[in-house]
Amino acid sequence: MGILRLHLPFEFLIMTYFFFCLFDKKKYKVLIIVLVPLFFILFFLDYRVSNSTSLYTISTLYEFSLFTILILIFLFDKVKNESTVLIYETIEFWFCVSFITYFSGNFFYILLVETSKSATSDTKIQLTLIYCFVTILKNCFFSFSIFSKKKSYPIENLIDSSSNTFNTLTANNT
Amino acid sequence: MYFLQTDSSGISRLMLIGTFGMLTLAVGIIVFVIFHQRRVIRLQFQMKKLEAEKQQILLNASIRFQEEERQRIAADLHDDAGPLLATARLYLNENLVNQEKAQQLQSIISAKQIIDDAIALIRNISHSLMPPTLKNFGLESATTDLFQKISGSGMIKATARFHDYRERLRVEQELLVFRVIQELVNNVLKHSHSGFIHLTQHAAPNSMFFRIHHDGKGITQEEFEKLNQSAMGLGLKNIASRMNVLNGKISFEIDPTQTYYKITVEIPKLPMI
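So the sequence lines, in the order shown, correspond to chains A and B.
Counting from 1, one number per residue, gives the positions in the first sequence under the numbering used here.
Counting from 1, one number per residue, gives the positions in the second sequence under the numbering used here.
Isolated chain A, as found in the complex (with noise of 0.2 angstroms):
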C-alpha cells in the first residue's frame, strides 16, 4: 500500500481554482467541474496500485495534461478576444508561461521516473538536471510576471496621429 500523497490533490485543488478564476467564459469554468471528479479517480486508482516509494504517475500525468490544455485554451482564448491590452504585459500570461514551461518540461521526467529507478547514478544526475533546469526556468518566470506591468493603448493614440483624424472629427463637431 503506497504513502498517501496529500500535497498532488492540495496542488491539483489550488491549480484548479486558479484556473477556474482565470476564465471567464463559463463553458470552460464547466469544463473544469467536470473534469475534477477524473483526478480524484485516477488519484484513487493510483492510491491502490502505487507502493510506498513510487509516484503517483498516472494522476499526476493527467493533473500535467490537463493544465497544460487548460493554458493553451486560455492563450487561444485571449488571442481571439478583442482587446487592446498587449497578450505579455499581463500577469496571468507570465503564470501561464511558467506553468506551461514547467508542466511540458516535466512531463517526460514524471513519465520515465518509474523506469529510471533501475538506471545508473549519471542518469539519475542527468534527469535531475533537466527537472532542476525546467523549475528553475518556471521560477523565472514567476518572477518576471511580478514585474510586467499591464498597459493599455487607447485607439487614438495609435490611429495615425499626423493625420489628426479625431482633432479633425472633434473640431466639426463643435
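Read the hints as simulated data drawn from the structure, not as lab findings.
This structure is a prediction, so every number in the text was calculated from the model and none was measured.
For every residue, glycine included, the Cβ atom is placed at its ideal position computed from N, Cα and C.
A few of these clues could be false.
[To be verified] Mimicking BS3-like on lysine-lysine, the simulated pairs with C-alpha atoms at most 27 angstroms apart in a straight line are:
hint	chain 1	residue 1	chain 2	residue 2
1	B	Lys157	B	Lys135
2	A	Lys78	B	Lys49
3	B	Lys226	B	Lys249
4	B	Lys217	B	Lys149
5	B	Lys49	A	Lys80
6	A	Lys80	A	Lys138
7	A	Lys78	B	Lys48
8	B	Lys249	B	Lys48
9	B	Lys217	B	Lys269
10	B	Lys54	A	Lys80
11	B	Lys190	B	Lys149
12	B	Lys157	B	Lys49
13	A	Lys80	B	Lys48
14	B	Lys149	B	Lys135
15	A	Lys27	A	Lys78
[What the hints assert, rightly or not] Which stretches of chain A does chain B cover? Using the computed rule of at least three CB atoms under 8 angstroms from a CB of chain B, they are:
hint	segment
16	29–37
17	86–93
18	96–108
19	122–134
Given chain A, put chain B in place with the hints provided.
Just chain B now, with coordinates in the frame of chain A:
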C-alpha cells in the same frame, strides 16, 4: 509501453529529446500567441482608423451639403424674393397718394400680384425644405406625390407602390427615408437617362424595404463604395450618412439580364414612441 522499457542511456536520451521537444512546442505556441495577438491588435487599429476616416468623409460631406443648402436658400431669397418685394415697394411708394385714383388702383393691383408671387416663392422654398405632404400625411403620400410630379413633367415615367405600409416608420425615420429616396431619384433623373423609374415598398417583421428600379445607367455597390471614399459624389455621401443615422443598409445592383438597375434600402423598424 514498450518504449519505456529501455536501458540507462536510452532513458537519458529519451528524456532529453522528450523534454526538449515539449519545451520547444511550448515556446513555439507562446511565440505564436504573442505575434498573432500583435497582428490582431494592429489590424484592429487599422480598421478603427479606416472607420474614423470614413466617418470624417461623411461628416465633411454632410457639412458641405448643409452649406450648399444654405447657399441655395440664400440665393433663392436674395435673387427671387428680394427683387419681387423691392418692386412691390416701388409700386407702393410715397407718390402713390398724389396719383390719380385709376393709377392708384393699378399700382395696388400690381403690388398685390407681386406680393402673391413672393408668397408663392417663399412657400416653394419652404416646401422644398420640408414637404407638407410628408409632415401631414406621411411617407407614402409624400413619395407618391413626388413620383406623380416627376411623371407629370412628361420626361420620365415614374411610379411608386407601397405594398404594406400599415405599420408606419417613426416620423424622424420617415423624413430621412424620404430624403434618401429624393436623393436617389434626383440622381437617376440627373445621370441615368432612363425611361422609367419605379419604387416599391415591402415590409418584413423587423424591417422595411424600399426598392427603386430604373432602366438607365446606374451604379453597382462597388462603384458606390468607391465614390463614397472619394472626394466626388456629395449626394451619395449624404445618402450614406443618412443610412448611418437610420442604421439601415443600401445596396446597388444590376439585374442579371443587365437591363435595369435596382437600389434596395433596408430600414429597421423601431417601436413607436
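Hint check results:
no., hint, in the structure
1, B:Lys157 x B:Lys135, "holds, 26 angstroms"
2, A:Lys78 x B:Lys49, "holds, 23 angstroms"
3, B:Lys226 x B:Lys249, "holds, 16 angstroms"
4, B:Lys217 x B:Lys149, "holds, 22 angstroms"
5, B:Lys49 x A:Lys80, "holds, 20 angstroms"
6, A:Lys80 x A:Lys138, "holds, 26 angstroms"
7, A:Lys78 x B:Lys48, "holds, 20 angstroms"
8, B:Lys249 x B:Lys48, "holds, 20 angstroms"
9, B:Lys217 x B:Lys269, "violated, 31 angstroms"
10, B:Lys54 x A:Lys80, "holds, 26 angstroms"
11, B:Lys190 x B:Lys149, "holds, 16 angstroms"
12, B:Lys157 x B:Lys49, "violated, 44 angstroms"
13, A:Lys80 x B:Lys48, "holds, 17 angstroms"
14, B:Lys149 x B:Lys135, "holds, 18 angstroms"
15, A:Lys27 x A:Lys78, "holds, 15 angstroms"
16, 29–37, "violated (count 0)"
17, 86–93, "holds (count 3)"
18, 96–108, "holds (count 8)"
19, 122–134, "holds (count 6)"
The structure fails to meet hints 9, 12 and 16 from the earlier list, while all remaining hints are met.
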